[in-house]
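Undergrad: The residues making up each chain are set out below.
Number of protein chains: 2
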Amino acid sequence: MNFVDEPIVALATAQGISAIAVIRLSGKDSIAIAQRVFRGKELTKQPSHTIHFGTLHDGEKNIDEVLISLFKEPNSFTKENAVEISCHGSPIIVKEIIKTLLKHGARLATPGEFTKRAFLNGRFDLAQAEAVADIINAETDNARQAALNQMRGGFSKEIQHLREELIHFASLIELELDFGEEDVEFAKRDDLRNLILKIQSYLKVLINSFDQGNVIKNGIPTVIAGKPNAGKSTLLNALLNEEKAIVSEIPGTTRDVIEDEMILGGISFRFMDTAGLRETVDIVEALGIERTRESLRKASLILYLFDLSKSSLEDIHNEENEIKELNVPYLKVGNKVDKADAELIQKLEREDFILISASQKKNIQQLKDKILSRFQIDQVKQGDVLVTNLRHYQGLKQTDESLSRVLVGMGSGITGDFLAMDIRQALHYLGEITGQITTDDLLANIFSKFCIGK
Amino acid sequence: MNFVDEPIVALATAQGISAIAVIRLSGKDSIAIAQRVFRGKELTKQPSHTIHFGTLHDGEKNIDEVLISLFKEPNSFTKENAVEISCHGSPIIVKEIIKTLLKHGARLATPGEFTKRAFLNGRFDLAQAEAVADIINAETDNARQAALNQMRGGFSKEIQHLREELIHFASLIELELDFGEEDVEFAKRDDLRNLILKIQSYLKVLINSFDQGNVIKNGIPTVIAGKPNAGKSTLLNALLNEEKAIVSEIPGTTRDVIEDEMILGGISFRFMDTAGLRETVDIVEALGIERTRESLRKASLILYLFDLSKSSLEDIHNEENEIKELNVPYLKVGNKVDKADAELIQKLEREDFILISASQKKNIQQLKDKILSRFQIDQVKQGDVLVTNLRHYQGLKQTDESLSRVLVGMGSGITGDFLAMDIRQALHYLGEITGQITTDDLLANIFSKFCIGK
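Here the protein sequences come in this chain order: A and B.
Position 136 of the first sequence, counted from 1, bears residue number 136 in the working numbering, the numbering being contiguous throughout.
Position 262 of the second sequence, counted from 1, bears residue number 262 in the working numbering, the numbering being contiguous throughout.
Next up, chain A with everything else stripped away, as it sits in the complex:
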């Protein structure tokens, strides 16, 4: 595959002003290209894994003083020749350097193209390649550990091993088919059944780990909702312990959905403060309320805020009925408890309400504990195998279903060609997880989600 050798370039570090930025080049000619724009030692003659100081220039124009790191194939991330240019961390310098490299024969890398090359050149399998993106996007230490475990092998080896055993049976059954009408049985049905049960029991463990894995990887979108002036922005600020949202006495102050993240017990919660729900003639506010409804539909948890200073028990029950209809888990939070009627408080306490005062930061910790108790997870340890990727989860489920069909088929004595078809299907799904079977579409879909430069 010759196109893989094309020299590609991208910024590898985050955008922005900083001490240094690193630009990455990969491809057979990458060292030669770097040489064309570099004044310093002759790079092509230097050994791999060495660093060289010099000036980067575009013709007569000096761009920056840089350090160049050399990696010679196959001893680089992509297994190709590769160069890392460490320049001053100025967006304008980065732009100039990339522009110059493009002029001298490189082309811009597409998202995930470095990792895709690493995969295509056999550095790791597809599930491990995907873990590279996960490790970068990890927002909690648990998510980092889960992704690192996956990147270092995770379930890949076990799945590849089980798949090979299954291939063995598949080929025996295909062999039977070659004998057509003759009643031969190369693949012992009992052994096949045992293998399938073994595979399924392993798949079950992985599939069951997904709920936890998903929470660890993606965090929990938590929407703060309620009527205007119930104190939603005040609660957001109290939860985050900073003045994130503008707070005023005026109902309808918040228009855009304001959000921020917070780690509770190793899980990332994305708290969203929303426009208060009411009928309004204010066009901008109405747009805001539409956004609120959208957030509510996507939430994993709603913190529904009741204004206890203004509501009767009946009001509260009516409001609660509306939330129930959303069919999203919610916590009932009574705010302004300091201004509430004592009798009302007593009744609400019996109805599983959490009573807080956002402005006085009263019972905020109790609320946090309650939120967390809904999503209790254990800490991820080194070596724990956890499925965090939706694609892997779906592949595992589909494999499991195909295998179940094989078992049912064997029970009802269907013919070998139907058995073979379901086994092939299972092999296909398993192979897609680790990338032993790939299509251009599948790869494009996976790597397009990477950031550029990875």
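Keep in mind that the hints were calculated from the coordinates and are not lab data.
Hints should not be assumed to be uniformly reliable.
What the hints assert, rightly or not - Examples of chain B residues lying across from chain A (beta carbon under 7 angstroms, computed): (1) T13; (2) A14; (3) G16; (4) S18; (5) H49; (6) I51; (7) N62; (8) I135; (9) I136; (10) R144.
What the hints assert, rightly or not - Restricting the straight-line Cα-Cα distance to at most 27 angstroms, the calculated cross-link-like pairs of lysine-lysine (DSSO-like) are: (11) K103(B) - K99(A); (12) K72(B) - K99(B); (13) K99(A) - K79(A); (14) K227(A) - K157(A); (15) K95(B) - K368(A); (16) K298(B) - K381(A); (17) K99(A) - K45(A); (18) K339(B) - K370(B); (19) K449(A) - K95(B); (20) K368(A) - K381(A); (21) K368(B) - K347(B); (22) K157(B) - K61(A); (23) K381(A) - K103(B); (24) K72(B) - K41(A); (25) K157(A) - K61(B); (26) K368(A) - K99(B); (27) K449(B) - K95(A); (28) K381(A) - K61(B); (29) K28(B) - K41(B).
Every residue gets a Cβ at the ideal spot worked out from N, C-alpha and C, and that includes glycine.
Given chain A, put chain B in place with the hints provided.
TA: For chain B alone, coordinates are given in the frame of chain A:
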């Protein structure tokens, strides 16, 4: 200075999710500290400027797979032993690695501390060290070139050379003072006068370059102002050619000051869209208008927008009188020219108005040309010496004034001790520019403006 050896650590690349991030360690023990948290080759035994793959761990816990670059004193940026750890670009991994390094003996670097060490260890003079920050913050190619020229020497050498000549005269005059009442003259007054004139003519060039240098470095804050619904947000969007600001028919839509940058002819303009100026009872809008007034006071240029669809010539003249009072350069921009009275248009054309339609993007290029013509500069070339730093500018001015006092003193025949005092003063100011004379306060002030990790 033993404290300089203390191992310091900081993230050197920009914050954020990316392919890789680089953490920088510097100080005598930095390689030994890296060794303690690294599983791979024995780093202390490897040569300088080499790169090593391995795993970073905190006790039993693996944090990430990393590349470690080694720099041995004096061949590093700081001239100390230094280590760069290239890890996956996840904020959580960066945090974990830095935490672990702190545990093993490093401390967090203060802003600019790496560059400060490079200065203290003699890598470059103070003006060059300051250029490191400027090169990072450069927002245009001109600013980058100006900073690079300064970092590579710029006026430093020339100033140091002139200062040495001046020191020579100073010491001769001080010698005269030792002879007290005797009427000796070691320092030839004519030679001294010629030297001072030579220095002053060089200073003059540098001082005069500051206006241009300042515009190149800092860009030009340009505020779009006008009555509500004059089309300010529409103009901002038209200038930027994107939908940056929310636009609606409703007067008072914009509340916060919305800003974005645009490069015109190598100069950075920071365009600010503001809340329309009017009396209002809306509290949030009123806060917005207060911010508008603040922006206007700080602007280098105001684009004042008149709504031609609603205004008579008299209205317009009245409005213009209000702007004049601000005492900030402004351009008169008539908007909604497509809906304006033909007679009004004729009159305004004679009065230096730029007539546009922001919504139809009519005459936007003409407006840009007009803005740019106010700030015409030449392109900065390699080797051009340009003063871009306010501190240097002030130092040069003060030197110049001290030297003028010396000339006046010589003319009026004042005694050697007064001459010596003014010369010493001039030497002091020159020395502060290049850092031959420094105080802790001066250094703290300069390096605290750097980013952490630089």
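Undergrad: Is the straight-line distance between the alpha-carbon of K381(A) and that of K61(B) 27 angstroms or less?
TA: holds, 8 angstroms
Undergrad: Are the Cα atoms of K157(B) and K61(A) separated by 27 angstroms or less?
TA: holds, 22 angstroms
Undergrad: Taking only the CA atoms, is the gap from K99(A) to K45(A) under or equal to 27 angstroms?
TA: Answer holds: K99(A) to K45(A) is near 25 angstroms, not above 27 angstroms.
Undergrad: Checking one constraint from the list: CA of K28(B) to CA of K41(B), max 27 angstroms. Satisfied?
TA: Between K28(B) and K41(B) the Cα gap is close to 20 angstroms, so the pair holds against 27 angstroms.
Undergrad: For the restraint on G16(B), tell me whether the closest CB of chain A is nearer than 7 angstroms.
TA: holds, 3 angstroms
Undergrad: Checking one constraint from the list: CA of K368(B) to CA of K347(B), max 27 angstroms. Satisfied?
TA: At roughly 22 angstroms apart (the allowed maximum being 27 angstroms), K347(B) and K368(B) satisfy the hint.
Undergrad: Take the C-alpha atoms of K381(A) and K103(B), compute the straight-line distance between them, and say whether it is at most 27 angstroms.
TA: holds, 21 angstroms
Undergrad: Verify the interface restraint on H49(B): the C-beta must sit less than 7 angstroms from at least one C-beta of chain A.
TA: holds, 4 angstroms
Undergrad: What's the verdict on K103(B) and K99(A), does the C-alpha distance respect the 27 angstroms limit or exceed it?
TA: Outside the cut-off at roughly 41 angstroms; violated.
Undergrad: Given the hinted pair K298(B) and K381(A), is their Cα-Cα distance within 27 angstroms?
TA: violated, 55 angstroms
Undergrad: Measure nothing beyond the straight line between the CA atoms of K99(A) and K79(A); if it is 27 angstroms or shorter, mark the hint as holding.
TA: Roughly 25 angstroms separates the two Cα atoms, so the pair holds.
Undergrad: Going by Cβ atoms only, is N62(B) closer than 7 angstroms to chain A?
TA: holds, 6 angstroms
Hints 11, 14, 16 from the list above are not met by this structure, while the remaining hints are.
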